[in-house]
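Sequences listed follow chains A and B, in order. All residue numbers for the first sequence refer to my numbering, where the first residue is 8 and numbers rise by one. All residue numbers for the second sequence refer to my numbering, where the first residue is 4 and numbers rise by one.
These aren't lab readings, by the way, just hints derived from the structure by calculation. If you're wondering where the values come from, they're calculated on a predicted model, not measured in any experiment. Among the clues, some could well be false.
What the hints assert, rightly or not - Under the rule of at most 25 Å between Cα atoms (straight-line distance), these lysine to any residue pairs were calculated in the SDA-like manner:
#1 A:Lys284 <-> B:Glu450
#2 B:Lys254 <-> A:Pro62
#3 A:Lys293 <-> B:Leu444
#4 A:Lys324 <-> B:Lys225
#5 B:Lys428 <-> A:Lys292
#6 B:Lys458 <-> A:Glu319
#7 B:Lys254 <-> A:Gly88
#8 B:Lys428 <-> B:Glu418
#9 A:Lys89 <-> B:Asp255
#10 B:Lys225 <-> A:Lys266
#11 B:Lys225 <-> A:Asn146
#12 A:Lys284 <-> B:Val438
#13 B:Lys428 <-> A:Asn146
#14 A:Lys284 <-> B:Lys225
#15 A:Lys284 <-> B:Asp255
#16 A:Lys292 <-> B:Leu446
#17 B:Lys125 <-> B:Thr234
#18 A:Lys266 <-> A:Asn146
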Amino acid sequence: MASLLGRFCRKLVVPGSAHGSRMISTTACDSEAVKSLNLYSAINQALHIALETDPRSYVFGEDVGFGGVFRCTTGLAERFGKNRVFNTPLCEQGIVGFGIGLAAMGNRAVVEIQFADYIYPAFDQIVNEAAKFRYRSGNQFNCGGLTIRAPYGAVGHGGHYHSQSPEAFFCHVPGIKVVIPRSPREAKGLLLSSIRDPNPVVFFEPKWLYRQAVEEVPEHDYMIPLSQAEVIREGNDITLVGWGAQLTVMEQACLDAEKEGISCELIDLKTLLPWDKETVEASVKKTGRLLISHEAPVTGGFGAEISATILERCFLKLEAPVSRVCGLDTPFPLVFEPFYMPTKNKASSSSSLSSPLKKKHYLIMGLHVWCRYWMQSSPLLITSHSICFFR
Amino acid sequence: MAQHLKSSKSTFLNVLRHSLAFGSPSHASRHLRQKLPHGGPPSIKKVSPNPLTRLCNTMVDTLSSSHEDTNSQVMDFPGGKVSFTPEIHFISESNEERVPCYRVLDDNGQQLPNSQFVPVSKEIAVKMYSDMVTLQMMDNIFYEAQRQGRLSFYATAYGEEAINIASAAALSPDDVIFPQYREPGVLLWRGFTLQEFANQCFGNKSDYGKGRQMPVHYGSNKLNYFTVSATIATQLPNAVGAAYSLKMDGKDACAVTFFGDGGSSEGDFHAAMNFAAVMEAPVLFICRNNGWAISTPTSDQFRSDGVVVKGRAYGIRSIRVDGNDALAMYSAVHEAREMAIREHRPILIEALTYRVGHHSTSDDSTRYRSADEIEWWNKARNPLSRFRTWVESNGWWSDEAESDLRSRIKKEMLEAIRVAEKTEKPNLNHMFSDVYDVPPLNLREQELLVRQAIKSHPQDYPSDVPL
């Protein structure tokens, strides 16, 4: 279904450099009033709507009162009062713990962690309390009204503690949801869905895009469904999967690959937990190749989960090993950031994208290998042959 | 000593001037300015764009303009006025005397003269005492059941019956409870039946928790008692959030959270206390200081005068109570609750007591403390006998009532265990439900896989879980 939507609401991507490209989308299905907004303004709008539509909802965290260090909470305290929008002491475990308590009493608590790099003191509360609140109580209690927002990702000069992408830690926790928007329009709809979802949600906002990304955002109250990936660019030769700011990079890689005759299908996962395996699976079964890209370090990153799952489900359709173009296994460096980042050139030169074979050739090769498989019935044989032929 | 130091004011001014240096455009002019403190106000009045510099300038000006009497000077620092002192004086790490402990009954259960307490009716007193006995017997029988291998695990509340029952009695049913794990008495007071306790311990299909957690991890939404989680002190910040909700909804209720001496060392305790004070949340923090965190005595837990003194550090009103005195507990909690709700403030109650039992059935506490010590607390400081004496002195209890109660409870308990043991376990699908509000696709797939595995190898799986 997600791919159907993708075809119906085709997105226009303005080509530009890897960092700082503007994504403008015109949605054919919408004729409502729209406004050109950046990411932080779109999020701000979502928060205004959330607080307006539910009188028992709250927004709090460090420095949210004056508008927040990224201005996402501008105007909220003035409009809704300091009882509903307030600063908290500097204590992430307290912020999230307090939010869980509020949510447990049926309120919506939209909690801000100033940078995802500082979310770890709250990890115990998130994993041992929020994620298990409903399950351990036999559904007598729940804290579904909790949403934790945190800016994540590279910003060009953030270093170790203003650039982290910790999504993988949270994807390993049954009971919470992890959502990452790619653009202003997506962010508003996904944030409203997250706030209203009856499960605790961790919502990572790509801070790089707070000002950089500008898009036409509908002014009304709308929600984008969770756990539904979107094919934002159609193609036939290879599937690329990513989320958040990395999609801008991958979009550029797709454009470059197109010049060499490679047709790329680009998927925005949007929700990492629970993630939409079906959309990715359908795409890889069509293209036969998968490249996953994220800023977080490659080892143990969420790309590994996608890779393993797709291998299980699409093994016989794969024409090449799954590629991961990710951050390196180092703390996020300052001076070395340009070397660390998974740039479009790294994506382009990865094994999945680099061999400019035409689709026809894949089919012939594929048939060859299929025959041998049926004759010998040895999965090991097909693997080694795949690598041999398709590198 | 003071003579050897420069006057504090000039030192302060010099420090101020130095800190103005960085990033300040008037750096040079500061150094060229004539030296204070006894001169007049500075002749240059530059308004700096840097707010920190402007603040420092204001401080310098204010100081230098009223320098005559050091002791009468005050300064508006962010956070309010403080007065100055020329003496270098460190606040002592502890008061000379420990905070006294509020009690109403002496060790023998006699009401102390001039004791202040909230009176309890006969009905309440008899229910309090009966529930304390019930709690003790329930603990006995479940503990034995574990020893016999019928239960996997149990934790008793021996010695803390007064804390459990008296605090519950002083609260209203609308007050929401965030327990640690040694407060089943609060549930008992509110009407949780012995059968309901047993169902949870045996993890059968009637367990409200659907068999997901170890024994003693009770929870009841109808009784406003949030489900126990074994992680220490995580419930404290949750209670503060819940209290804030009650305040915002204008309810005549507060949140109450329990924890032990060990729990007061956790980061969540400090987070919660600070939040409660800042958010002005109507929450009671009841610390059961029972002397032990498993094998760790309080001397290895903190170096403060217990937990009560920590309240002041956060701006929270606190009291130390004899936790083995049911009347004192009742009064303290009653008064604390009033203050919390009426004044929108948190209250800290440190209830001093002793953990008579082992930490749990996985512990043998004679390995780290003497059996004599345990025995002494069990006999000489027993909360049940002290309260019983007082109840009987009012003519509200008797030996006959005691034996009637005990035989009734014993019968009920044994029946509850018999029924709970026989009741089947929750259905397998409850392994997958409630992870989210609706099971996502991956869980639906995993359930199918598990069911397939059971079909192929049924002998690998317990047969008492219905499929």
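Each hint, compared with the structure:
Taking the CA atoms of A:Lys284 and B:Glu450, the gap is about 17 Å. The hint holds against a cut of 25 Å. At most 25 Å may separate the alpha-carbon atoms for a hinted pair to count; B:Lys254 and A:Pro62 meet this at roughly 16 Å. Between the alpha carbons of A:Lys293 and B:Leu444 the distance comes to roughly 22 Å, so the proposed pair stays at or under 25 Å and holds. This hinted pair does not check out: A:Lys324 and B:Lys225 have alpha carbons roughly 54 Å apart, beyond 25 Å.
Using a Cα cut-off of 25 Å, the hinted pair B:Lys428 and A:Lys292 is violated, with the two alpha carbons roughly 42 Å apart. Simply put, B:Lys458 and A:Glu319 have alpha-carbon atoms about 22 Å apart, close enough for the 25 Å limit, and the pair holds. Simply put, B:Lys254 and A:Gly88 have alpha-carbon atoms about 20 Å apart, close enough for the 25 Å limit, and the pair holds. Annotation: proposed proximity of B:Lys428 to B:Glu418 holds, straight-line Cα distance about 18 Å (limit 25 Å).
As the CA atoms of A:Lys89 and B:Asp255 are separated by approximately 22 Å, the hinted pair is consistent with the 25 Å bound. Only pairs whose Cα atoms come within 25 Å are accepted, and B:Lys225 paired with A:Lys266 is rejected, the gap being roughly 65 Å. Distance restraint check for B:Lys225 and A:Asn146: the Cα-Cα separation of roughly 12 Å lies within the 25 Å cut-off, and the hinted pair is therefore satisfied. Restraint check for A:Lys284 and B:Val438: satisfied, since their Cα atoms lie roughly 19 Å apart, inside the 25 Å limit.
A hinted pair counts as satisfied when its Cα atoms are at most 25 Å apart, and B:Lys428 with A:Asn146 qualifies at roughly 17 Å. For the suggested pair A:Lys284 and B:Lys225, the alpha carbons sit about 39 Å apart, so the restraint of at most 25 Å is broken. Proximity of A:Lys284 to B:Asp255 is assessed by CA-CA distance (about 48 Å); at most 25 Å being required, the pair is judged violated. Distance check on the hinted pair: A:Lys292 and B:Leu446 sit about 23 Å apart at the alpha-carbon level, within 25 Å; holds.
For a cut-off of 25 Å, the pair hint linking B:Lys125 to B:Thr234 is broken: about 38 Å separates their Cα positions. Straight-line distance between C-alpha atoms of A:Lys266 and A:Asn146 comes to about 54 Å, which puts the hinted pair past the 25 Å bound.
When each numbered hint is compared with the structure, violations occur for hints 4, 5, 10, 14, 15, 17 and 18.
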